[in-house]
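Colleague: Sequence:
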Amino acid sequence: MLPDRPARARPLTLGELVVLLFVAWALWAMGAHAQLVPVKTAPVATGSQFQLYPSHARGMGGVHLAVDDTLGDAFVNPATA
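So the mapping is simple: our numbering equals the position in the sequence shown, first residue as 1, plus 578.
Keep in mind that the hints were calculated from the coordinates and are not lab data. Fair warning: there could be bad hints in the mix.
To be verified - With beta-carbon atoms standing in for the labels, derived distance ranges:
hint, residue 1, residue 2, range
1, Ala620, Leu592, 47 to 55 Å
2, Arg583, Val617, 54 to 62 Å
3, Ala657, Met608, 52 to 60 Å
4, Lys618, Val596, 35 to 43 Å
Just so you know, even glycine gets a beta-carbon here, dropped at the ideal spot from N, CA and C.
Construct the complete structure from the given sequences, taking the supplied hints into account.
Modeller: The structure is reproduced here in structure tokens:
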């Protein structure tokens, strides 16, 4: 009695390979439409664009008596402030 061998898959023919690659490419191309994001622009006020951290921002709309925000600054050690 011969031992059972696992069934071998037959190799793809050139035509089957071409069809398989075309179908894979078509499915990939169809899915790409949902990934496109249109570029939109919006007007930005340039007066405060360089004030990146809260401690650098002017308190209360430019009042000069405002206290600096030492807790919001990422580069200041709160233990020494």
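Colleague: All the hints need checking, so say for each whether the structure fits it.
Modeller: Status of each hint after checking the structure:
The hinted window of 47 to 55 Å between Ala620 and Leu592 holds, with their beta carbons roughly 53 Å apart. At roughly 59 Å, the beta-carbon separation of Arg583 and Val617 lies within the given 54 to 62 Å, and the hint holds. A hinted range of 52 to 60 Å holds for the C-beta pair Ala657 and Met608, which are about 57 Å apart. For the pair Lys618 and Val596, the beta carbons lie near 41 Å from each other, so the given range of 35 to 43 Å is met.
In summary, the structure agrees with every hint in the numbered list given earlier.
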